[in-house]
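2 protein chains.
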Amino acid sequence: MAKKQQNAITPMRVEDYPEWYQQVIKAADLAEVSPVRGCMVIKPWGYSIWENMQGVLDGMFKETGHVNAYFPLFIPMSYLEREAEHVEGFAKECAVVTHHRLEPDPEGGLRPAGELEEPLIVRPTSETIIGETYSKWVQSYRDLPILINQWANVVRWELRTRLFLRTAEFLWQEGHTVHATEAEAVEETEAILDLYGRFAEEYMAMPVVKGEKTRDERFPGAVNTYSIEAMMQDHKALQAGTSHFLGQNFSKACKINFLNQEGQEVFAWTTSWGVSTRLIGGLIMTHSDDDGLVLPPRLAPRHVVIIPIFRGDDERSEVLGYCEKLKAEVEAREYDDGKVRVELDDRDIRGGEKVWQHIKKGVPIRLEVGPRDIASDSVFMGRRDFSPKDKSGVSREEFVTRVPEILGEIQKSLYDKALKFREDRTRTIDNLDEFREFFSSEAEGGFAGGFALSHFADDGGGEALLKELKVTPRCIPVDEAGNLGECIFTGKPGSRLTVFAKAY
Amino acid sequence: MAKKQQNAITPMRVEDYPEWYQQVIKAADLAEVSPVRGCMVIKPWGYSIWENMQGVLDGMFKETGHVNAYFPLFIPMSYLEREAEHVEGFAKECAVVTHHRLEPDPEGGLRPAGELEEPLIVRPTSETIIGETYSKWVQSYRDLPILINQWANVVRWELRTRLFLRTAEFLWQEGHTVHATEAEAVEETEAILDLYGRFAEEYMAMPVVKGEKTRDERFPGAVNTYSIEAMMQDHKALQAGTSHFLGQNFSKACKINFLNQEGQEVFAWTTSWGVSTRLIGGLIMTHSDDDGLVLPPRLAPRHVVIIPIFRGDDERSEVLGYCEKLKAEVEAREYDDGKVRVELDDRDIRGGEKVWQHIKKGVPIRLEVGPRDIASDSVFMGRRDFSPKDKSGVSREEFVTRVPEILGEIQKSLYDKALKFREDRTRTIDNLDEFREFFSSEAEGGFAGGFALSHFADDGGGEALLKELKVTPRCIPVDEAGNLGECIFTGKPGSRLTVFAKAY
Numbered sequence: 001m002a003k004k005q006q007n008a009i010t011p012m013r014v015e016d017y018p019e020w021y022q023q024v025i026k027a028a029d030l031a032e033v034s035p036v037r038g039c040m041v042i043k044p045w046g047y048s049i050w051e052n053m054q055g056v057l058d059g060m061f062k063e064t065g066h067v068n069a070y071f072p073l074f075i076p077m078s079y080l081e082r083e084a085e086h087v088e089g090f091a092k093e094c095a096v097v098t099h100h101r102l103e104p105d106p107e108g109g110l111r112p113a114g115e116l117e118e119p120l121i122v123r124p125t126s127e128t129i130i131g132e133t134y135s136k137w138v139q140s141y142r143d144l145p146i147l148i149n150q151w152a153n154v155v156r157w158e159l160r161t162r163l164f165l166r167t168a169e170f171l172w173q174e175g176h177t178v179h180a181t182e183a184e185a186v187e188e189t190e191a192i193l194d195l196y197g198r199f200a201e202e203y204m205a206m207p208v209v210k211g212e213k214t215r216d217e218r219f220p221g222a223v224n225t226y227s228i229e230a231m232m233q234d235h236k237a238l239q240a241g242t243s244h245f246l247g248q249n250f251s252k253a254c255k256i257n258f259l260n261q262e263g264q265e266v267f268a269w270t271t272s273w274g275v276s277t278r279l280i281g282g283l284i285m286t287h288s289d290d291d292g293l294v295l296p297p298r299l300a301p302r303h304v305v306i307i308p309i310f311r312g313d314d315e316r317s318e319v320l321g322y323c324e325k326l327k328a329e330v331e332a333r334e335y336d337d338g339k340v341r342v343e344l345d346d347r348d349i350r351g352g353e354k355v356w357q358h359i360k361k362g363v364p365i366r367l368e369v370g371p372r373d374i375a376s377d378s379v380f381m382g383r384r385d386f387s388p389k390d391k392s393g394v395s396r397e398e399f400v401t402r403v404p405e406i407l408g409e410i411q412k413s414l415y416d417k418a419l420k421f422r423e424d425r426t427r428t429i430d431n432l433d434e435f436r437e438f439f440s441s442e443a444e445g446g447f448a449g450g451f452a453l454s455h456f457a458d459d460g461g462g463e464a465l466l467k468e469l470k471v472t473p474r475c476i477p478v479d480e481a482g483n484l485g486e487c488i489f490t491g492k493p494g495s496r497l498t499v500f501a502k503a504y
Numbered sequence: 001m002a003k004k005q006q007n008a009i010t011p012m013r014v015e016d017y018p019e020w021y022q023q024v025i026k027a028a029d030l031a032e033v034s035p036v037r038g039c040m041v042i043k044p045w046g047y048s049i050w051e052n053m054q055g056v057l058d059g060m061f062k063e064t065g066h067v068n069a070y071f072p073l074f075i076p077m078s079y080l081e082r083e084a085e086h087v088e089g090f091a092k093e094c095a096v097v098t099h100h101r102l103e104p105d106p107e108g109g110l111r112p113a114g115e116l117e118e119p120l121i122v123r124p125t126s127e128t129i130i131g132e133t134y135s136k137w138v139q140s141y142r143d144l145p146i147l148i149n150q151w152a153n154v155v156r157w158e159l160r161t162r163l164f165l166r167t168a169e170f171l172w173q174e175g176h177t178v179h180a181t182e183a184e185a186v187e188e189t190e191a192i193l194d195l196y197g198r199f200a201e202e203y204m205a206m207p208v209v210k211g212e213k214t215r216d217e218r219f220p221g222a223v224n225t226y227s228i229e230a231m232m233q234d235h236k237a238l239q240a241g242t243s244h245f246l247g248q249n250f251s252k253a254c255k256i257n258f259l260n261q262e263g264q265e266v267f268a269w270t271t272s273w274g275v276s277t278r279l280i281g282g283l284i285m286t287h288s289d290d291d292g293l294v295l296p297p298r299l300a301p302r303h304v305v306i307i308p309i310f311r312g313d314d315e316r317s318e319v320l321g322y323c324e325k326l327k328a329e330v331e332a333r334e335y336d337d338g339k340v341r342v343e344l345d346d347r348d349i350r351g352g353e354k355v356w357q358h359i360k361k362g363v364p365i366r367l368e369v370g371p372r373d374i375a376s377d378s379v380f381m382g383r384r385d386f387s388p389k390d391k392s393g394v395s396r397e398e399f400v401t402r403v404p405e406i407l408g409e410i411q412k413s414l415y416d417k418a419l420k421f422r423e424d425r426t427r428t429i430d431n432l433d434e435f436r437e438f439f440s441s442e443a444e445g446g447f448a449g450g451f452a453l454s455h456f457a458d459d460g461g462g463e464a465l466l467k468e469l470k471v472t473p474r475c476i477p478v479d480e481a482g483n484l485g486e487c488i489f490t491g492k493p494g495s496r497l498t499v500f501a502k503a504y
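If you read the sequences in order, they're chains U and W.
1 is the number of the first residue of the first sequence in the working numbering; add one for each residue after it.
1 is the number of the first residue of the second sequence in the working numbering; add one for each residue after it.
Next up, chain U with everything else stripped away, as it sits in the complex (with noise of 0.2 Å):
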């Protein structure tokens, strides 16, 4: 019992990394299993991270010149046809509409009724309902770029589920542009990747290797896939976002051609791009600890939580009436382009009870307010940055003054944590046998391995150990362009720096 006192959450991340995840979302009441196979159901304190995330990612969009727009649900099954590997990555996996109705079972309840002339998909990714829809819009280089984003829930039949990581439903929002040009394609494609980088490492507090996917992690019909890649607590890698140069395989497949400015009719140049609901999933594995989610201050639904501590109906009113003016007075101060976002948890349980709540639903900064802090006019402060019994008193006009600075304070400390945590575990790597050995034995903490950055020529080779150690290449770093050597697998020279790691 002695343990469970000490932390929130059981089991403690060494203990049972996956059940520990769970047992977060769980306590921090995020999400749940739904009673439809591989369906999650967002609960609110998740849905409203998720609502931050909506609105800074459309925020960025939009001052890059993206608009919004919505496409079918379903995708008539000879559309995914059209492009070959498309098909390939996606059939497999995915929802079949065959009727339109239902009628009375002769046994007994009801059956499906009304085939369909053509079954129809419901959307796993847009590209080839969209690039049909944009075939029509465009007939000359005047109606070009064309820059737009759909926020939308798709469906991949997944076997395996993990709630936020992999769903068979999940939210998303994926951009579909058309260029005249294919420079102004791959700028696009990495004029997004960087908006990714960005947003997860400046409001997610989550450090990230921007880079290019190796041939065979590409998104299926892409000429090029780019990825954001993250370190989760357990050392593996979690791709967060991706990118891709869709080259002319999908303006070829959708017939997406126009008359140039020297009257030539050309094919078009595609890109697409996405982030989904599996950034929350990021989010909690990147800073949460045994005592439960911890939230960077830009993404938190509530950023400060006042808890009243009072014993009877006197103090109670002289109480709450402290902290109702407390409230009034941090809510007026500006965070982030915002106000501060404050609850006071009158709710009637244990003061102890909700304390631990909070923690558990990891709000950036909590307050405890009983008469002896009101007759020296100051709280008692604890920072979900800090350990739970790392509490202190400060003077209410002080804090009222620093709220601003102490969220920053703990954005900060969040992701410097988080790139401490990266770059401890990322090594550079060159021989077999260090590559296998970083890979296999367990370091600190009682995870194995982290990124291992080697040289590779992805043209075959390192098949048999990469397997064998359950190990990726994740990304060939942008910022690593110029760094050629010997591929670790073959010795073929000119090979590019290569992530390589567990993963997701």
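The set of hints was computed from the structure by calculation and includes no laboratory data.
From a predicted model like this one, the values you see are computed outputs, not experimental measurements.
Be a bit skeptical, because a hint or two may be false.
One copy or two, either will do: identical chains are not told apart, so a pair holds if it fits within one copy or between any two.
[As the list claims (entries may be wrong)] EDC-like mimics (lysine to aspartate or glutamate), calculated; alpha carbons at most 20 Å apart, straight line: (1) K327 with E63; (2) K62 with D346; (3) K417 with D385; (4) K92 with E118; (5) K62 with E51; (6) K136 with E32; (7) K354 with D143; (8) K255 with E32; (9) K327 with E405; (10) K360 with D348; (11) K389 with D291; (12) K327 with D377; (13) K62 with D345; (14) K92 with E107; (15) K26 with D143; (16) K62 with E331; (17) K92 with E103; (18) K92 with D105; (19) K492 with E463; (20) K62 with E343; (21) K136 with D29; (22) K325 with D377.
Using the hints provided, position chain W relative to the given structure of chain U.
Chain W alone, transformed into the frame defined by chain U:
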């Protein structure tokens, strides 16, 4: 040809109203029919109107204590069957998922494979899947109320579709609340009806009648349904939002029960309510004219468009410089809790063509700025609520000062005009001859009828006449709750005043 020069939309409303509606949508670039039967593509201009609607409604929901969450897209067939009226209402038009992958068809192409044990329905509405989830969340009166909203797509397999008004897939919000007592649930139902009414009138500038639905028009499974009903320019009623008191029907079907304060196990009381992209159809048909879309400023993606008028490069740089400065000045002005939204349309096409494009898109204020205007430091202003020819010079300074006020005037003038339109076509009728005459003879403008206010017993009677006239009871206005009289069809005393109309 003279007619075409006078009006931007062909045909005019009086000539062919349904076709006029389609042409307004096309001319404003709001949406189009998709290649997937019954589904629409919402284009950027249309989607940004929806985003503005979402922003306002979401704020109103949150102000009244609601939070957002997300539930699965799919509903197991057996869930739908739990509530007899509910399944009856939705089974005939729904998309049924029966397989979870595609495999090569020996005859070529692909075919569905991996049959599901139980078919899944793409949600036509989410009472049953959300109810199933709530049944696990609700154990004690302390867990209540639950006040949750979801922004989502839904699918109802409509055979005859019209953009925004009736499509197989549409976007909406659906609120689902659970309460400990009947009184609280009724209060919620009514509060949301009020909220929808405020949104329609104050933001959409669309006057509505708030009322209770008659017996046959209730939501399948509801004890009572309330709606807001608006009059379109063809005198028909559009049901623009509904709020349902579900009694204990769904709590019994989904087993949402709890231990009340007296320690008894009882069933909860639930509500559900929604508005959809159909609102955009209502917006179009309330304000648009024979020159295209007219947007109320509070929901317009852009408030002001500046159209530079120049010849040659010399004039060009002078005019554009002036326009950019003007844009910055206008954008610094506040309107409706935000900034004034301005576009400087510097595309390389003729000024006259631009002007008509923005008229057709419904932008509230157009400014034309050429060298002569600059010489007098003024702008040439057109308001979308005035005739396209009715333009006037106004000093730059005065315009910048007055722009928020002018936007307010436009918002009000649109509402006032729509209200007068409805009032002129609303008649209290308590005899059948007049009722028949009202709905049979065309008034000026070429459309018959409008809203007839007649006492109605709502327990049988009038079916043949109503069917003949293609008229239905729309709602029993809450503002006329005490207005009782003899039923126009049966003479039954104590009947409530009811709105009758042709309807969408």
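Quiz item: Between the shortest in-copy and the shortest cross-copy C-alpha distance, which are at most 20 Å for K360 and D348: within, between, both, or neither?
Solution: within (19 Å within a copy, 57 Å between copies)
Quiz item: For K354 vs D143, is the C-alpha pair at or below 20 Å within one copy, between two copies, both, or neither?
Solution: This pair counts as between: shortest inter-copy Cα distance 16 Å, intra-copy 57 Å.
Quiz prompt | 20 Å Cα threshold - placement of D105 relative to K92 | solution = Answer is between: at 13 Å across copies they meet the 20 Å cutoff, but 29 Å inside does not.
Exercise. Could you figure out if K327 and E405 sit no more than 20 Å apart (CA to CA) within one copy, between two copies, both or neither?
Key: This pair counts as within: shortest intra-copy Cα distance 17 Å, inter-copy 35 Å.
Exercise. Could you place K62 and E343 in one of the four classes (within, between, both, neither) given a Cα distance threshold of 20 Å?
Key: between (31 Å within a copy, 14 Å between copies)
Quiz item: How do K327 and D377 come out at 20 Å by Cα distance, when the copy is not named: within, between, both, or neither?
Solution: within (14 Å within a copy, 49 Å between copies)
Quiz item: Should K327 paired with E63 be assigned to within, between, both, or neither, using CA atoms and 20 Å as the limit?
Solution: between (33 Å within a copy, 17 Å between copies)
Quiz prompt | Same-copy or cross-copy closeness of K492 to E463 [CA-CA at most 20 Å] | solution = within (15 Å within a copy, 85 Å between copies)
Practice problem: Could you figure out if K92 and E118 sit no more than 20 Å apart (CA to CA) within one copy, between two copies, both or neither? | Solution: Classified as both; 18 Å inside a copy, 19 Å across copies.
Quiz prompt | Homo-oligomer pair classification [D291, K389; C-alpha up to 20 Å] | solution = within (12 Å within a copy, 68 Å between copies)
Quiz item: How would you classify K62 and E331 at a CA-CA limit of 20 Å: within, between, both, or neither?
Solution: between (28 Å within a copy, 17 Å between copies)
Quiz item: Between the shortest in-copy and the shortest cross-copy C-alpha distance, which are at most 20 Å for K136 and E32: within, between, both, or neither?
Solution: Classified as between: cross-chain Cα gap 11 Å, same-chain 42 Å, threshold 20 Å.
Hint compliance for this structure: no hint is broken.
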